[in-house]
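Number of protein chains: 2
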Amino acid sequence: MEEAHGADGNVEGTQVEIAVMEAMHKVVPPPPRSSLDKIKVRLKETFFPDDPFRRFKGQPPKKKWILGAQYLFPILGWVPTYSLSLFKSDLVSGLTITSLAIPQGISYAQLANLPPIIGLCLMADSSFVPPLVYSILGSSRDLAVGPVSIASLIMGSMLRQAANPRTDPYLFLQLAFTSTFFAGIVQASLGIFRLGFIIDFLSKATLTGFMAGAAIIVSLQQLKSMLGIVHFTKQMGLVPVMSSVFHKTDEWSWQTILMGICFLALLLLARHVSMRRPKLFWVSAGAPLTSVVLSTLLVFLFKAQNHGISIIGQLKSGLNRLSWDKLLFDSTYLGTIMKTGLVTGIISLTEGVAVGRTFASLKDYRVDGNKEMMAIGLMNIVGSCTSCYVTTGAFSRSAVNHQAGCKTALSNIVMSVTVMLTLLFLMPLFVYTPNVVLGAIIIAAVVGLIDVPAVYHLWKMDKIDFIVCLCAFLGVLFISVQDGLAIAVGISIFRILLQITRPNIVTLGNITGTDIYRNLHHYIDARRVPGFLILAVEAPINFTNTTYLNERITRCIEEEKAVDHHQAVLRFVILDLSAVPTIDTSGVSFLVDLKKSMEKHGFELVLVNPVGEVMEKLQRTNGVHNFFGVDSLYLTIGEAIISLSSLLKEST
Amino acid sequence: MEEAHGADGNVEGTQVEIAVMEAMHKVVPPPPRSSLDKIKVRLKETFFPDDPFRRFKGQPPKKKWILGAQYLFPILGWVPTYSLSLFKSDLVSGLTITSLAIPQGISYAQLANLPPIIGLCLMADSSFVPPLVYSILGSSRDLAVGPVSIASLIMGSMLRQAANPRTDPYLFLQLAFTSTFFAGIVQASLGIFRLGFIIDFLSKATLTGFMAGAAIIVSLQQLKSMLGIVHFTKQMGLVPVMSSVFHKTDEWSWQTILMGICFLALLLLARHVSMRRPKLFWVSAGAPLTSVVLSTLLVFLFKAQNHGISIIGQLKSGLNRLSWDKLLFDSTYLGTIMKTGLVTGIISLTEGVAVGRTFASLKDYRVDGNKEMMAIGLMNIVGSCTSCYVTTGAFSRSAVNHQAGCKTALSNIVMSVTVMLTLLFLMPLFVYTPNVVLGAIIIAAVVGLIDVPAVYHLWKMDKIDFIVCLCAFLGVLFISVQDGLAIAVGISIFRILLQITRPNIVTLGNITGTDIYRNLHHYIDARRVPGFLILAVEAPINFTNTTYLNERITRCIEEEKAVDHHQAVLRFVILDLSAVPTIDTSGVSFLVDLKKSMEKHGFELVLVNPVGEVMEKLQRTNGVHNFFGVDSLYLTIGEAIISLSSLLKEST
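These protein sequence lines map, in sequence, to chains A and B. The opening residue of the first sequence carries number 1 in my numbering; numbering runs sequentially from there. The opening residue of the second sequence carries number 1001 in my numbering; numbering runs sequentially from there.
Source of the hints: derived by calculation from the structure; they are not laboratory data. There may be inaccurate statements among the hints.
Straight-line alpha carbon distances no greater than 27 Å define the calculated DSSO-like cross-link-like pairs of lysine-lysine that follow [to be verified]:
#1 Lys40(A) to Lys1044(B)
#2 Lys326(A) to Lys234(A)
#3 Lys1326(B) to Lys26(A)
Pair by pair, the computed Cβ-Cβ distance ranges are [to be verified]:
#4 His1231(B) to Ile493(A): 46 to 52 Å
#5 Val1431(B) to Ile493(A): 55 to 61 Å
#6 Phe1478(B) to Val41(A): 29 to 35 Å
#7 Thr1554(B) to Phe478(A): 38 to 44 Å
#8 Gly1068(B) to Arg527(A): 34 to 40 Å
#9 Leu1497(B) to Gly308(A): 54 to 60 Å
#10 Lys1600(B) to Phe302(A): 53 to 59 Å
#11 Ile493(A) to Leu1421(B): 51 to 57 Å
#12 Lys1063(B) to Arg527(A): 32 to 38 Å
#13 Ile66(A) to Glu1558(B): 20 to 26 Å
#14 Val1079(B) to Asp483(A): 40 to 46 Å
#15 Lys1600(B) to Ile198(A): 26 to 32 Å
Backbone N, C-alpha and C fix where the C-beta goes; we use that ideal spot for every residue, glycine too.
Build the full structure now, drawing on both the sequences and the hints.
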């Protein structure tokens, strides 16, 4: 802190100058490491950034076994210390989410185009096995597992391209199970191979737009049951659905519309109340089941099915049947199945992991992303063999679970058992449940996915994020669910590449009276140093941007020459590499060529503060050419300027 | 600058502290700019980094017209001042490259699978029109334009998938012209829409591997003529070619092999002499034509065609015919044509621009990349209508052109006219030219593309660049030319994304006795500051890395806590954002969440030196939450530590 750099101790004070020179700090290469070491570190950072084996270090072997078992089966972590008071909380929250799971599950099976008669059983199954599996393997305490709207929608819409659920329900069911199996495989392998970062490529902006678009698509599909239309389009897009709705005005049924509007209003009101007063969470949690019971009673009492209101109708009841014999690996459908599995797998994984992380950070515990992927993947693999379609952690139910005070994954087991018992014994009652109420429940559930404040926030913060969001939204609405997603991801990645291809180069100036150098265009009290042009590159230097950097730096020098007439003539170009984290061979050649070309034009290029990797590579070039020696490498801009100024004085 | 943040100066040394505080500098947001301004700047940097309109600024209208015309037609720049002495140089170099262009052109037409009888005419045409067009539009003075080996090879191998050049030569010719047309369209549009940076994605490493692989593929194809095999495989890969060679040992002709080896040795010797002594460039420049003349004479004198040596045979002679009526836009072939056009267009563009830039930097003039693309694109569009296939600036001939002392693009015109005259009047002489000599010429030409020292340099400098190079090489050899290229580009891009997804986070320490903070693992004299953890993030913070950063920073804190027992307890985490050029909405939320979660654990998060864009976005968050106020934003690490240390003292 007692450094006196920037003190230009000009004419006489040679003594001072020498002292300053001696205090100068050399740029040294980082301590040598073998290539193997470097590769090991890089691989570790890429695949094990959370260092999952840290806790095993220095433990006795027996403890290691216990820790290993607890890592694989998180249930072992909480079961030994489980208490009655914990069970009370879990029971309450388990029962609360059951009341939400039943109506939502029935509705979502419709979204996946599963005919209600199979759909309901399937939903019961999907709410039974997966939560059990998850409660053993999953590390989140709040996740409520089961079918979710978006994944159901995507699966339904993608499989419909290969099989017609109405004319060939058995084939459709086979495809659904097989896709679920593939989704599970994809999810588990992402976890096992520690490729969890792939879901990070779905940014918040992408998901916001995608969810909003999907919510609208889902809601539009409900117009069929909300309006009582019998012959509805099979397409999903905004345009065909709206045209179908307005071409079938003769099929609209006022009784259905009236009932739909009433129950939708009721559900939205309940939602509003719960959002205003989080303590009243049970209002919105209980509203769907209440609506189902109420509407079923109404239909039953008034025999409304004879007055244009369509009902679920006859149902088979029963427990989970093994379905691994229904998995279909026929080459005709394999393409569709794998594509569907991949898309639904990644989407449902994203939702599950995001929900798990959100509530983990609220309660301040950690969820291991890769571990979670393996749990969700295994859950779907097991699920596909026991008559379940794709399941994950649902946001709405997890929120209710959290608010109802769940403590461990046992609430999932409670839910699973309750759903099973309910459906086993009360199944016949659902015969009279009107489809219109299921539609209203879906709309009320997905409305929450349209997050207008988040979109506004994107607009305020970052225009490109907003564009990404908009593209995802419009793509889903007008092209297709999967293409909308692909376009948004493509734009997000292209944006990152563009930032690398066109990096920021800023001109730095000295903040008067200090040793601080900052962007001239940012800090108005920063001043140019006569005779010097100080540039900072703010990106890795690699093959994508060397051409640009060359052109840009040439332009900077020309502009500087044009401006700087009255001041000292430009002599040194200082390139601050502090913000250049990596460099590749093209980058190194670029620096070497730049230095040569500068020398040709009478300037000298000086580098400041190359970080570890960059310094290492420059040193390797030095071995060959000795281009960047002691007098063209400095640790700070201040030291470079002091040292070069004295050179300048000597030469004049 | 007189801001006194955090200064609650209560203890003894208040005077000193206040003095220090007064010297403290505030982080200010950059001067406000409208979104439109920012978008304008970004678009300019993306598409016009070289600022081509700069020279027009402040000029009178007439001058602007002249400059504009000179920009579009660089020929106008040098014709008015052209002199006899310049012409002398251009004539010599033009004649020198002619002697190289004729034998190479005949050979390359074979690579493109064009039967020699058409190929020779085509070659003559391709060496006539394109150089004329280029000399008008191109800005490089050294580029020698004509057919090149790699583009010929790719075109031949890709088109062969759609048409058989032996059974259906007319269709094949149509496809070749149409692909050339598409290649020209692609090239010109890249230039017009200023998307020239797309070719930057072909890194040096990719090209080194690709060129070496392609050179070997090309050489292998020459085994047909070198060994005199009649029934040769039509595939390109290493495996099928070698198996074909060793299954046809009965077709080997010793006369052909002997002749081939002799001439190949001659050519390689000439190449070696010229490389050793650059002044003797004419040795290797003249060797191919000498070989053709010599071998033709030998064949003619000894009637060698009757002794197992295959010759070119009967040729049509004639000038360029218009071929726009041969352009074929049939939907059956459109896919192949567009793919071929795209690949050959980009590859030949890369070669042309790279060669142009190399010689421009040697002679210290500028080549405008986008302008050059338009010139090469137009040259190919015109070429496709005048019986030419794809052409670009060839490295070998441009080097000879440069060494022979060319001054302007007139050497291209000289070459073009000479080639035409030669072929018009001397065509019948080529009837007796043996194919084996053409093979030897090709091998001698492409051997130079295998750049072993460059590969060794890649291995020394950067292991991943080496892997990229190796993948391109093996991909070309064992899969296919275009797939090898695609794989290498894919790996290069994936590597960049991975660097963003897994950015460097370094722990900084104070270099004793100074105000400098550097990486603890790099500078051994850097020391930890007790009570502080100073981290620097070296990448943009965005959706791809927030999860990782969160995990990594948590791990850093835990490691720090584990180490730091005897020292002061950890209280402040300083995040140096100097090397974070951009941030997106996910990044901002990450910082906000990180601050909250740190506070929960009893730490305080302090940010240092956010650059313009990052500061702007943090400020927008401040508008809502006031998260990053004056006491958690500092301009330098040193100032942050002084200010926070005093806080620490107060609290204890």
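Starting from the hint list further up, note which numbers the structure goes against and sort them upward. Checked against the structure, the hints that fail are numbers 1, 3 and 14, while the rest are satisfied.
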